[in-house]
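Going line by line, the protein sequences match chains Y and Z. All letters in the first sequence, in the order written, are residues 0 to 316 by numbering that gives the first Met the number 0. All letters in the second sequence, in the order written, are residues 0 to 277 by numbering that gives the first Met the number 0.
The hints are simulated quantities; they were obtained by calculation from the structure and are not laboratory data. Careful, some of the hints might be misleading.
Using C-beta positions, here's what the derived DEER-type ranges look like [unchecked claim]:
1. Y/Val209 - Z/Ala243: 28 to 38 Å
2. Z/Arg61 - Y/Gly213: 21 to 31 Å
3. Y/Pro184 - Z/Gly159: 43 to 53 Å
4. Z/Ala125 - Y/His238: 33 to 43 Å
5. Y/Gly10 - Z/Ala243: 49 to 59 Å
6. Y/Leu180 - Z/Asp130: 46 to 56 Å
Short, incomplete list of chain Y residues facing chain Z, as computed with Cβ under 10 Å [as the list claims (entries may be wrong)]:
7. Thr59
8. Asp60
9. Pro61
10. Gln173
11. Ala201
12. Gly218
13. Asp222
14. Leu226
15. Val232
Far from chain Y by the CB rule (all over 12 Å, computed), these chain Z residues [claimed, not checked]:
16. Arg24
17. Asp32
18. Pro70
19. Ser78
20. Phe79
21. Lys96
22. Arg129
23. Arg155
24. Pro178
25. Gly193
26. His231
27. His232
28. Gln245
29. Arg251
30. Leu264
Remember, it's a predicted structure, so these values are computed and weren't measured experimentally. C-beta: ideal position from N, C-alpha, C; glycine also.
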Amino acid sequence: MRTGAARGHAGHFHEAGFYGSDTEFRALIVPFAEEGIAAGEPVIIGYDSRKNALVRSWLTDPSAVTFPADSNVYATPARAIAAYRRLFELHVAQGAGQIRITGELPHPGNGGRFDGWDRYEAAVNTVWQDFPVWGLCLYDTATSPTTVLDAAERTHPRIVSPSGARRANGRFQQVADFEALPPVPDPLEQTTPMIELVDRSAAEARRALVQIGGGRVAGTILDYLLLGVSEAVSNAQIHGRAPATVRIWAVPDRIVISVHDQGRGPADPLVGLVPAASNAATLGLGLWLIHQLDIDVALRHADDGFTVRLRGGTTIG
Amino acid sequence: MIGPVGSYRELGVQDHLCWVHGDRRDYRPRLSDFFRDGLKRGLRVAYLGSEDAGELRELLGRVVDTGTLLPREAVRVISFEEFYGAAEPVDPAAVIKRYDAATQEALADGYRGLRVSADVTDLVRAPERRDAFARCEILLERYSARHPLSAMCGYRRELGDAVTQFACLHAAVSAGLTPFQVFACDDGAVGLFGEFDQACQVAFERALRRIEPAPDDPELIFDMSAVRFMDHHALLALDSYAEACQVPVLARSVPPAVLRVARLLGLEPLGHVHLGGL
């Protein structure tokens, strides 16, 4: 049995709220959490430590709320989707009629990067449809860049204001129509790559990467990049359009790789964010896998073709 | 010797080499060198072929200067039919019994072991014969890992891509022939060597299908210490193989990077493959 604004709704009730002060933040989050606590629903709240502390001080019984300790949940969009799915499964198995979740995604205004998180916001409209989830995504208009606020408006079917008024969002784009933000170019991509391989095998790309990248980043990161470049090259050769070009840039502590082909890229807007069933032969599983790794993965659709960009290292600009 | 080889000189008395060549003119010098080296090592050498004994000995005489100092029994010729039988397809277990008998006979005659070679191209030309012959190669690989038998299996390039499906079943192969190899460890484990990615996925799945646990072995162990790269396609293939295998399948010395991929795939730790077998 669902309660509150989501009463009677099936699947993910995805809502955005915009606030410009702590007072407005409180007006949005407290009713959401208190109503859930009163109904005995799991309530999950994930903000930075300052905001989490504020929320704790505002709630009548903060011990009834889960504040995820694992900040790594938001390491990558695909991992966040997978981690939350597991959490939702657990709550549903324990009999939850609704799960309330609210949090703030990484973006430049809070010290993070928004790359890929617009796709996450679009994807969760679909990938959490199996669960009675009420997701309230609150955006700070004082710190969020315009592009972030714009993406938030395009990815939430409903908007709630600090006054409590709720409305359907006219700017909402269905997942299939969602226009993802292009990845921010890496400065290294503007320079001459250390190597450029055209229509070469995945094994040759791995060899080049080991030769160039060995010792520049941690061994595990290099392993992840090897998996990533291998998968991207295989996909380009099997599903893309020749020529497939691999470019590798490397500086101390950082490696950037782009794998480009002249095809249109995968049509599925959710590719990489959810596993494509269990069929290993599908394009989706490999791309999902590399999105789970501790490397930055960006997909770029453009007029000249499709690019998978992989970045690994301690400092990613 | 495990992995790509550049020369027969790298081989010892317990090796199994796949040598790919253009034609007999290309193969004979390798055969000559391989046998000379074997004779120097005190091995009996045997050449297998489809011709009759007289023709085989004449052919061998042209490539190996047996000289007058060598006893006649140091160099033998064996017809394919004698070792591989006339049955279609070949019976791998029966073939290996004959190799074993010949090896034991060489030892009993005072040699340090047996070294054999054959151009087996004609034996695998028909696709329907390849599964059984591949199993022969796997058993020969297993046998040579534990007994003083060294073999150089010649395959002609004219077989095309089919060559690689046999090359990958040898511990030693000419460099550049196959990105991965399935070889026998001296303790009975099945060793995996090289790089396993999507480009060789079909070949790896085919190789797995041809591996059978040794009779009476309670388990099948994969040694993965020589795996340089393995992607999720290969891992899932290994998982499926283990699920269908009639005995428990174990893996040892699994590289950490492979375990991390397995964890992401939800195979904890390696799906139907158990960790262990040390």
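A quick look at each hint next to the structure:
1. Y/Val209 - Z/Ala243: 28 to 38 Å: Holds - the Cβ-Cβ distance for Y/Val209 and Z/Ala243, about 34 Å, lies within 28 to 38 Å.
2. Z/Arg61 - Y/Gly213: 21 to 31 Å: At 50 Å between Cβs, range violated.
3. Y/Pro184 - Z/Gly159: 43 to 53 Å: Holds: the Cβ-Cβ distance is about 45 Å, inside 43 to 53 Å.
4. Z/Ala125 - Y/His238: 33 to 43 Å: Since the Cβ atoms of Z/Ala125 and Y/His238 sit about 34 Å apart, the hinted range of 33 to 43 Å holds.
5. Y/Gly10 - Z/Ala243: 49 to 59 Å: About 38 Å separates the Cβ atoms of Y/Gly10 and Z/Ala243, which means 49 to 59 Å is violated.
6. Y/Leu180 - Z/Asp130: 46 to 56 Å: Hint holds: Cβ distance 52 Å, inside 46 to 56 Å.
7. Thr59: violated (40 Å)
8. Asp60: violated (36 Å)
9. Pro61: violated (34 Å)
10. Gln173: violated (29 Å)
11. Ala201: holds (5 Å)
12. Gly218: Y/Gly218 check passes; min Cβ-Cβ to chain Z is 9 Å, inside 10 Å.
13. Asp222: holds (4 Å)
14. Leu226: Hint holds; Y/Leu226 Cβ to chain Z Cβ min 6 Å, cut 10 Å.
15. Val232: holds (9 Å)
16. Arg24: holds (31 Å)
17. Asp32: holds (30 Å)
18. Pro70: holds (48 Å)
19. Ser78: holds (40 Å)
20. Phe79: holds (36 Å)
21. Lys96: holds (39 Å)
22. Arg129: The claim holds: Z/Arg129 sits with its nearest Cβ about 23 Å from chain Y, beyond 12 Å.
23. Arg155: holds (25 Å)
24. Pro178: violated (6 Å)
25. Gly193: violated (9 Å)
26. His231: violated (6 Å)
27. His232: Its Cβ does come within 12 Å of chain Y, the nearest being 5 Å, so this is violated.
28. Gln245: Given a closest Cβ separation of 23 Å, the condition holds.
29. Arg251: holds (20 Å)
30. Leu264: violated (7 Å)
Violated hints, listed in ascending order, are 2, 5, 7, 8, 9, 10, 24, 25, 26, 27, 30; each of the other numbered hints is respected by the structure.
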